[in-house]
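Residue numbers (numbering that gives the first Met the number 0), protein chains in the order written: chain V, 0 to 419; chain H, 0 to 419.
Honestly, I wouldn't trust all of these hints.
Copies of the same chain look alike in the list, so a pair counts if it works inside one copy or between any two.
Unchecked claim - No farther apart than 27 Å at their CA atoms in a straight line, the calculated lysine-lysine pairs in the DSS-like style are these: (1) LYS265 with LYS139; (2) LYS158 with LYS180; (3) LYS158 with LYS280; (4) LYS280 with LYS159; (5) LYS139 with LYS159; (6) LYS106 with LYS233; (7) LYS152 with LYS257; (8) LYS417 with LYS319; (9) LYS265 with LYS159; (10) LYS319 with LYS372; (11) LYS159 with LYS278; (12) LYS278 with LYS158; (13) LYS278 with LYS152; (14) LYS139 with LYS233; (15) LYS233 with LYS152; (16) LYS152 with LYS338; (17) LYS312 with LYS233; (18) LYS158 with LYS265; (19) LYS257 with LYS139.
Don't read these hints as lab results, they were simulated from the structure.
There are 2 protein chains.
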Amino acid sequence: MSELQPRSTRCHDILGCSGEGVVRIAYNTRRHREEFQIVSSSTASATSVNRVFNFNAGPSALPLSVLERIREELLDWRGSGMSVMEMSHRSPEFESINAAAETGLRKHLAIPDDYAVIFLQGGGSTQFTLAPMNLCLPGKPVDLLHTGTWTAKALTELKKGIAHRIAATTEPVKFTRVPRKDEISLSPDASYVHLCTNNTIEGTQYHAIPETAEVPIVADMSSDIASRPFDVKKFGLIFAGAQKNLGPSGVTLVIVRKDLAERADKNLPTIFQYRTHIKEKSLYHTPPTFAIYIVGLMTEWIESHGGLAGIQKRNETKAKLLYDTIDSSNGFYHCPVEKDSRSLMNVVFRVAGINGQSAATNPDEASEKEFGKQAAAAGLVGTPGHRSVGGMRVSLYNAVEPAAVEALTSFMRDFQRKRG
Amino acid sequence: MSELQPRSTRCHDILGCSGEGVVRIAYNTRRHREEFQIVSSSTASATSVNRVFNFNAGPSALPLSVLERIREELLDWRGSGMSVMEMSHRSPEFESINAAAETGLRKHLAIPDDYAVIFLQGGGSTQFTLAPMNLCLPGKPVDLLHTGTWTAKALTELKKGIAHRIAATTEPVKFTRVPRKDEISLSPDASYVHLCTNNTIEGTQYHAIPETAEVPIVADMSSDIASRPFDVKKFGLIFAGAQKNLGPSGVTLVIVRKDLAERADKNLPTIFQYRTHIKEKSLYHTPPTFAIYIVGLMTEWIESHGGLAGIQKRNETKAKLLYDTIDSSNGFYHCPVEKDSRSLMNVVFRVAGINGQSAATNPDEASEKEFGKQAAAAGLVGTPGHRSVGGMRVSLYNAVEPAAVEALTSFMRDFQRKRG
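Let the sequences and hints guide you as you build the complete structure.
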C-alpha cells in the first residue's frame with residue numbers, strides 16, 4: 000500500500016492572466032487536502048483559505064479570482080455605497096451591470112445582432128416548457144434527438160399534448176454516444192429540432208452539430224455553453240443555466256433568434272413569452288441581479304483566458320489528461336462512452352474491484368464508493384456519478400483548474416496502485 | 000439657506016443584538032454622505048466601507064451584518080472548502096442550508112404543518128400565472144381585490160381566459176386606500192380571492208385581512224412578508240419575492256396549503272405544479288442556492304431582532320417618524336394615502352414648490368426632482384417614486400435602519416427650511 004506522496008511546493012497562477020495572484024499548493028498527506036495561500040495585490044494583507052478541488056456537476060466550481068472580486072465588492076460596489084444585491088434593477092448602476100453581462104457574452108460567444116440575449120429564471124426545466132409554448136407552429140411537430148436524462152425530461156413535457164417525433168435515439172446503446180448523421184431522420188416540416196449538446200449524466204457531447212437545413216435547432220446547452228467556440232447561427236434558440244460554466248445557479252441564459260420569438264401567441268402569459276423579455280432587456284420584472292453580475296464577471300474571466308479559443312484549449316488539455324489516465328489504466332478504470340462522443344465537460348467512468356477484473360465488464364460499486372470517499376478526504380470533491388446511474392463522474396467545467404485535474408489523476412494512479 | 004448640520008459622532012449597533020459591531024456615523028457636510036467605520040470582532044482588522052442609506056423599493060437594503068457574514072463565508076463556507084455558490088444542490092451541506100432557511104421561516108412566520116414552504120424562481124409575475132393554473136376549479140371564478148399596479152398585472156393575466164370577477168376596487172379613489180369591508184362583494188363559489196397585502200407603488204397596506212369564509216386567499220405579499228406577525232391560516236397561498244424583506248432577488252418564497260396544491264391537473268407542465276416542488280422540497284431542479292442561503296441568514300437576523308414582534312415594533316417606529324415628519328410639515332410634504340391604509344413599508348408623498356402652495360393641491364415636480372437629487376447627494380438613495388406615478392417613495396423594509404430614517408427626516412426638515 001502506497002501513500003499519497005507529498006508534492007513539491009510550487010507556484011501556480013490561477014487568478015487569470017493578470018498575474019495578480021500567487022497560489023502555493025502543498026500536499027499534506029495527513030490532511031489530504033490542498034491548502035492555498037493567497038496573496039492578492041488588490042488586498043493589503045495575505046488571506047489564507049482552505050479550498051478543495053471541486054468537480055461538482057453543477058452548481059460547480061467558480062474561479063477563485065471571481066470569488067475574490069465578489070468579496071471585495073460585496074459591501075460597496077465600486078463606490079455606489081451598496082452591494083449589487085441592494086441595487087434597484089432600474090438604477091443606472093444595475094443597468095450597466097446587466098448590459099456588461101450581455102456585451103461580454105455577445106463578444107465571446109460571437110452572438111449576431113439578429114439574436115437576442117436574455118437572462119431568465121427557472122433553469123433548463125422551465126425552458127423545456129417555454130420553448131414549445133413559444134416556438135411551436137400549428138400542425139408542425141417537434142423533432143427530438145434523444146440522448147439521455149435531459150432529453151427524456153424534455154420528452155416528458157412534449158408528451159403533454161404537443162405534437163412531436165423522436166427523430167433519433169441512442170437509448171438502444173444505453174446513451175453511450177450521440178446519434179450518427181445517418182441515424183437522424185428529421186421531419187421535413189418540424190417546428191424545430193430539440194437536442195442537448197452535452198449530456199451531463201451520460202458524459203456525451205456533440206462534436207459536430209447535426210445539419211437541419213431550414214429547421215431551427217433548440218439546444219439545451221446548460222453544461223457546455225461557453226466551453227468552446229461555436230456557431231450561434233446553427234441554432235434557433237439556445238438555453239443554459241449559468242451554474243456550470245457561467246456563474247451561480249438562479250439565472251438562465253437564453254439566446255434566441257428574434258424572428259422565432261415572434262411565433263408566440265400574444266395571449267400566452269406575459270412572463271412566459273420570450274418577446275416580453277427581449278423587449279424589456281431582461282428587466283420586465285425583477286431579474287436575479289446578483290447572478291447576472293457574476294455572469295458579467297465570468298465573461299471578464301473568459302477574456303483573461305484568451306476568450307473561448309483559450310478556454311477550449313484549456314478544457315481539451317484537462318479532459319485529455321483525465322481520459323488518458325482512464326484509458327491507460329489497463330482496465331482498472333473504464334469510460335463506457337464511445338471516443339468520438341466523449342464529453343470534455345463531464346467524464347464518466349467505472350472502477351474495478353480488488354479482484355483484478357476489468358471495470359468494463361465488472362465494475363465494482365464498493366470500489367467506486369471507496370474512490371469517492373478517499374477522493375473527498377484528499378480534497379477532491381464531487382466525483383461520484385449521478386444517483387440515477389452510479390459510477391464516477393468528474394465535471395471539468397471552465398473554472399476547474401488544470402492543477403485540479405493533475406491532483407485528481409495523481410490520486411487515481413495512487414488509488415489504482417493500492418487496489419489494482 | 001441653512002446647511003446640513005454635522006451630527007455628533009455616536010455609536011450605534013446595527014449588527015443585530017450580538018453586540019459584535021460598532022458603527023461610527025459622522026455626517027460630513029462637504030461629502031453629504033454617511034461614513035461607516037466597521038469594527039467586527041469576527042475579523043482581525045478594522046474595515047472601512049462607505050455605505051449609503053438605501054431606500055430602494057426592491058431589490059433593497061440588506062443588513063450590514065448579513066452582508067459581512069456572506070463576505071466572510073464567500074470562499075469557504077464553514078470549512079467545506081468551497082463557496083455556497085459552488086456546492087451541489089444535492090450535497091448534505093446545501094441540504095442543511097435549504098432546510099435551515101425553511102426552518103427559520105417556519106419558526107418566525109409561525110407556518111403550520113399543513114402548509115408547505117417552497118423556494119421558486121420568477122417572482123410575483125410568475126405567481127400571477129401559476130396560481131390560477133394550479134388553484135382554479137372548473138366554473139369557479141377568481142375574485143380579485145383591485146388595489147393598484149400589482150393587482151392590475153394579476154388582472155391582465157386573468158383576462159387571458161380565466162373566469163374572474165373584480166370583487167372590489169379602489170381605482171375610483173386613485174388607489175389611495177385598500178377597500179373597506181362593506182365594499183367587498185365576494186362570489187360565494189370563488190376558486191380563491193386574490194389580493195395584494197401591501198401595494199408597493201401606491202403606498203397602501205391592509206392592516207386587517209378581509210374575511211372570506213371558506214374561500215382561500217391568494218396573497219401577493221412581496222413587499223410586506225416578514226415585516227410583522229400575521230396569521231398564515233387566513234391564507235391559502237402566499238407568495239413573495241425575497242428582494243424586499245428577506246434577501247436578494249432571484250428567489251420567490253411560496254407558502255401554500257398542501258391540500259390546495261392538489262387541485263392542479265397533473266398534466267400541467269411539471270415545473271409549473273406546486274406539488275412538484277413540495278414533493279422535492281424545492282430540489283426538483285437546481286434551485287437558486289445562494290439566494291436561499293441568504294434567506295436563511297435573514298431569518299437568523301430576524302431572530303436577533305426579537306422575531307417578527309421585534310421587527311414589527313422597529314418598522315412601526317421607523318414609519319411613524321417619517322409619517323409624522325410629513326404630517327407636521329404644514330403641507331410642504333403630503334401623503335395622499337388615507338391614514339388607516341398607510342403602508343409601513345413604502346411611504347409615498349408629494350413635495351410642494353417654492354411658491355408657498357400646498358403639496359396636497361399643488362405638488363411640484365421640479366421640487367420633487369430636486370429632493371431626489373439632493374437626497375442622493377447626501378447619501379440618501381432611492382427616494383424618487385415609481386416612474387409610473389411620480390412623487391417620492393421611501394421604502395422602509397426590514398433592513399432599513401432607524402438611523403437611516405432619522406437621517407432622512409433630518410434632511411427633509413432641512414430641505415423644507417431651505418425651500419418652504
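Now for the hints, and whether the structure bears them out:
When the C-alpha separation of LYS265 and LYS139 is checked against a cutoff of 27 Å, the pair qualifies both within a copy, at 19 Å, and between copies, at 25 Å. For a Cα distance limit of 27 Å, the shortest separation of LYS158 from LYS180 inside one copy, 25 Å, qualifies, whereas the shortest one across copies, 47 Å, does not. Taking the shortest Cα distances, LYS158 and LYS280 sit within 27 Å of each other only across copies (25 Å), while inside one copy they are farther apart (32 Å). Proximity of LYS280 to LYS159 under the C-alpha cut-off of 27 Å is restricted to the inter-copy arrangement: shortest distance 24 Å between copies versus 31 Å within a copy.
In this assembly of identical chains, the alpha carbons of LYS139 and LYS159 lie at most 27 Å apart whether taken from the same copy (15 Å) or from different copies (24 Å). For the homomeric pair LYS106 and LYS233, the shortest alpha-carbon distance inside one copy (17 Å) is at most 27 Å, but the shortest distance between copies (51 Å) is not. In this assembly of identical chains, the alpha carbons of LYS152 and LYS257 lie at most 27 Å apart whether taken from the same copy (26 Å) or from different copies (25 Å). Proximity of LYS417 to LYS319 under the C-alpha cut-off of 27 Å is restricted to the intra-copy arrangement: shortest distance 24 Å within a copy versus 71 Å between copies.
For a Cα distance limit of 27 Å, the shortest separation of LYS265 from LYS159 qualifies both inside one copy, at 21 Å, and across copies, at 10 Å. Only within a single protomer do LYS319 and LYS372 lie at most 27 Å apart by alpha-carbon distance; the minimum there is 24 Å, versus 58 Å between protomers. In this assembly of identical chains, the alpha carbons of LYS159 and LYS278 lie at most 27 Å apart only when taken from different copies (20 Å versus 29 Å within one copy). In this assembly of identical chains, LYS278 and LYS158 lie within 27 Å of each other by CA distance solely across copies; the values are 22 Å between and 31 Å within a copy.
Only between protomers do LYS278 and LYS152 lie at most 27 Å apart by alpha-carbon distance; the minimum there is 17 Å, versus 29 Å within a single protomer. For the homomeric pair LYS139 and LYS233, the shortest alpha-carbon distance inside one copy (20 Å) is at most 27 Å, but the shortest distance between copies (47 Å) is not. Taking identical chains as interchangeable, the C-alpha atoms of LYS233 and LYS152 lie at most 27 Å apart only when both belong to the same chain, with a minimum of 23 Å there against 37 Å between chains. When the C-alpha separation of LYS152 and LYS338 is checked against a cutoff of 27 Å, the pair qualifies only within one copy, where the shortest distance is 25 Å, while the shortest distance between copies is 52 Å.
For a Cα distance limit of 27 Å, the shortest separation of LYS312 from LYS233 inside one copy, 22 Å, qualifies, whereas the shortest one across copies, 59 Å, does not. Proximity of LYS158 to LYS265 under the C-alpha cut-off of 27 Å is found in both arrangements, the shortest distances being 23 Å within a copy and 12 Å between copies. For the identical chains of this complex, LYS257 and LYS139 are intra-copy neighbours only, at 20 Å inside a copy versus 38 Å across copies, given an alpha-carbon limit of 27 Å.
In summary, the structure agrees with every hint in the numbered list given earlier.
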